[in-house]
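Visitor: So the chains spell out like this:
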Amino acid sequence: MSTFTFATAQYESGDWDSSPLVPANLIDSIARYTEIDVSPSGVIVPLGSDAALRYPLLYLTGHLPVRFTAQEKQVLTRFIERGGLLFVDDHNHDIDGMFHKTVTEELRSVAGPLAKIPNSHPLYSAFFRFEDGPPNTSHELNGWGDNLLHPYLMAAQREGRISVLYSNKDYSSEWNFHPDNKRFYSVDNTRFGVNLVVYALTR
Amino acid sequence: MPSPGKRRFFEQGCRVLALAALGTLIWRAWRPPMSGERPVVTRSTASIPSALARATRAPLAALDLTIDSLPGPRDRAWARAVAATGTVVRWRRARDLRPDVDSLHAWAPLATALEPIADPSGRVRLVALGPPGSSLAIGDQAGSVDSTKLSRTGTRTLDAMLDGLVTARIPGGVSSSARRDSLVVRPVLVLADAGWEGKFIVAALEEAGWRVDARFAVAPQVSVRQGRDVPIDTAHYSAVIAVDASVVPRAASIVRFVRDGGGLIVGGAAASLPSLVGILPARGAAAVSPTLGAVVSEEPRRGLDGVELTLARNGALVLDRTAGRVRVAAARVGVGRVLVLGYDDTWRWRMEGGADAPRLHRAWWSAMAASVVRAPLVALEGTPDVDETPFASLVASLGMPDDAPRAARPPLSSTAWEPVLFALVLGALLTEWTSRRFRGAR
Chain C
1 MSTFTFATAQ
11 YESGDWDSSP
21 LVPANLIDSI
31 ARYTEIDVSP
41 SGVIVPLGSD
51 AALRYPLLYL
61 TGHLPVRFTA
71 QEKQVLTRFI
81 ERGGLLFVDD
91 HNHDIDGMFH
101 KTVTEELRSV
111 AGPLAKIPNS
121 HPLYSAFFRF
131 EDGPPNTSHE
141 LNGWGDNLLH
151 PYLMAAQREG
161 RISVLYSNKD
171 YSSEWNFHPD
181 NKRFYSVDNT
191 RFGVNLVVYA
201 LTR
Chain X
1001 MPSPGKRRFF
1011 EQGCRVLALA
1021 ALGTLIWRAW
1031 RPPMSGERPV
1041 VTRSTASIPS
1051 ALARATRAPL
1061 AALDLTIDSL
1071 PGPRDRAWAR
1081 AVAATGTVVR
1091 WRRARDLRPD
1101 VDSLHAWAPL
1111 ATALEPIADP
1121 SGRVRLVALG
1131 PPGSSLAIGD
1141 QAGSVDSTKL
1151 SRTGTRTLDA
1161 MLDGLVTARI
1171 PGGVSSSARR
1181 DSLVVRPVLV
1191 LADAGWEGKF
1201 IVAALEEAGW
1211 RVDARFAVAP
1221 QVSVRQGRDV
1231 PIDTAHYSAV
1241 IAVDASVVPR
1251 AASIVRFVRD
1261 GGGLIVGGAA
1271 ASLPSLVGIL
1281 PARGAAAVSP
1291 TLGAVVSEEP
1301 RRGLDGVELT
1311 LARNGALVLD
1321 RTAGRVRVAA
1331 ARVGVGRVLV
1341 LGYDDTWRWR
1351 MEGGADAPRL
1361 HRAWWSAMAA
1371 SVVRAPLVAL
1381 EGTPDVDETP
1391 FASLVASLGM
1401 PDDAPRAARP
1411 PLSSTAWEPV
1421 LFALVLGALL
1431 TEWTSRRFRG
1441 AR
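Respectively, the protein sequence lines represent chains C and X.
Residue numbering for the first sequence follows the working numbering, starting at 1 and increasing by one per position.
Residue numbering for the second sequence follows the working numbering, starting at 1001 and increasing by one per position.
Just so you know, these hints were derived from the structure itself, not from any lab.
Check the hints yourself; a few may be wrong.
[To be verified] Here are the computed lysine to any residue pairs in the SDA-like style, where the Cα-Cα straight-line distance is at most 25 Å:
1) Lys182/C with Pro135/C
2) Lys73/C with Arg1359/X
3) Lys182/C with Arg129/C
4) Lys101/C with His139/C
5) Lys182/C with Val1222/X
6) Lys1149/X with Arg1123/X
7) Lys73/C with Lys1149/X
8) Lys116/C with Lys1149/X
9) Lys182/C with Ala1219/X
10) Lys182/C with Gly42/C
11) Lys73/C with Ala1219/X
12) Lys73/C with Glu12/C
13) Lys73/C with Ser1297/X
[Stated by the list, open to error] Facing chain C, according to a computed beta carbon distance under 7 Å, are these residues of chain X, among others:
14) Lys1199
15) Ala1203
16) Val1218
17) Ala1219
18) Asp1345
19) Arg1350
20) Glu1352
[Unchecked claim] Covered stretches of chain X, as calculated for chain C (at least 3 residues, CB under 8 Å):
21) 1184-1198
22) 1221-1235
Even for Gly, the Cβ is constructed at its ideal location relative to N, Cα and C.
Between the sequences and the hints, there should be enough to build the whole structure, so can you do that?
Guide: Put into structure tokens, the structure is as follows:
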């Protein structure tokens, strides 16, 4: 019985490590709310390596332009074809930003077009229930980035399952804090991260 | 005017003549065939219908059929009917067909059978028997399906989508078959903790076409459900896949389900659960370490973690070994079937394996499910006429080749004398009656 290990994708262009506390925070939430056998520490896995195929859920974020290498595209294509789920979050939450423009272009070339997913999607009820779709982040509400509230997430799907989940909501900033500080929140803002992991492990 | 005495003598003569003609008619109808009558001989299968038509119009003493390809069901039934009227019907193989092979060996195996299999894509299994090494062409109502050679044992098994009447042709014969039954395959239920193994089992089965319900345990009293919330019984499910210890709360239902005829697959992580141990064909024993790098080799399952199995039930069957260790075992339990896997984390095969790994992983899981599912047969209506065993039917109709005559009773005569004799009977009786009336007698 394998243990779930949270994996962050390391790509050659851009700043893949812009949210170093997200893995520990989500791992803490998974252990806190579920019985999922989760590894206490995450891993960083090169996107251009076959090792990426050992982790069917990959987290990818950054602020800077993203250009996948040929090797990264090849591994990512296999990853998606075999049933992996790549979660990409725009750390700028800026639809005019370079990360958004470049990474969506790259994702389209390996996974096909991204489309809005409805707020009734099983992702929003996999564990916690989010009636209104993806929860807003404080960075959206504070008017940073593109000064927009993004009411939906986008995804590429394969065989009825999400293969690439794309967010402009900047969860990478929202979740980038030490898990001990959760006690200062009236509502844990990482709960949607739990849904993401549970969805990946069950759909 | 003849005297009454002469007239009586004349009338007596007419009666004798009528009786003699009647007796001749009866004798000709029932006499044994005369040695001088030559049988009608055909030179090929194509000429059989014309010979049978001739025998039908005017019964023959004997019909020798020379066959260069197996006649169809209509000609066989026709020949059998002709034989039943008394014509001796014999058959033999054309000498130029396969001089090196005995006729029985050349034709005897030609037979096909079509049976449904528990395959969600609707494929059926065609089994063809024929002369070893012969060319075999398989087709259905949609056209040609496959062209191949029969094996050295004279067999060929094909799992394919086949519609309507299916034909199998070899040189000198054609056999046809059709589905008579259909299988009722209900969904498969996957029970697992939230994890990659359960997720990818569901994905593989769904991609293979199975209908799958799933329960993934996520937290105490919390599970992610896919599909309906219905009891575990044979009315709702064909098989259950118990991936790990998350099945314990449902173990009693699962045992009952198996005893009622359901199928069960138990993953390596559940192979030693006390609540299931009474129905398992094998139990998990020593842990097996994966062979590094093997998951991308031609034996990818050697690269998987798991346990070695030890058989725990009489009649348990070993289905798979790696490096001499039992890794998959199965057995019947009651009317159900149980299969135990000694592999953990088969998802690694799909994700990390070679180029064809997703397809192989999907096919493997589909085969595992197909091997245990409960799938009752339902007869189909409107099955077309088939000819599955043309050679056996030929032998059943006409006996073995060059066999002894199989006349049901002595043949009827076939000459033109019957009308003459019949007219003679009528004429003699009419003359005798007229003569009596003219002389005033009744």
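Visitor: Take the hints in turn and mark each one as holding or not.
Guide: A quick look at each hint next to the structure:
no., hint, result
1, Lys182/C with Pro135/C, "holds, 17 Å"
2, Lys73/C with Arg1359/X, "holds, 21 Å"
3, Lys182/C with Arg129/C, "holds, 19 Å"
4, Lys101/C with His139/C, "holds, 19 Å"
5, Lys182/C with Val1222/X, "holds, 23 Å"
6, Lys1149/X with Arg1123/X, "holds, 21 Å"
7, Lys73/C with Lys1149/X, "violated, 44 Å"
8, Lys116/C with Lys1149/X, "violated, 53 Å"
9, Lys182/C with Ala1219/X, "holds, 20 Å"
10, Lys182/C with Gly42/C, "holds, 19 Å"
11, Lys73/C with Ala1219/X, "violated, 36 Å"
12, Lys73/C with Glu12/C, "holds, 12 Å"
13, Lys73/C with Ser1297/X, "holds, 23 Å"
14, Lys1199, "holds, 6 Å"
15, Ala1203, "holds, 5 Å"
16, Val1218, "holds, 5 Å"
17, Ala1219, "holds, 5 Å"
18, Asp1345, "holds, 5 Å"
19, Arg1350, "holds, 6 Å"
20, Glu1352, "holds, 5 Å"
21, 1184-1198, "holds (count 6)"
22, 1221-1235, "holds (count 3)"
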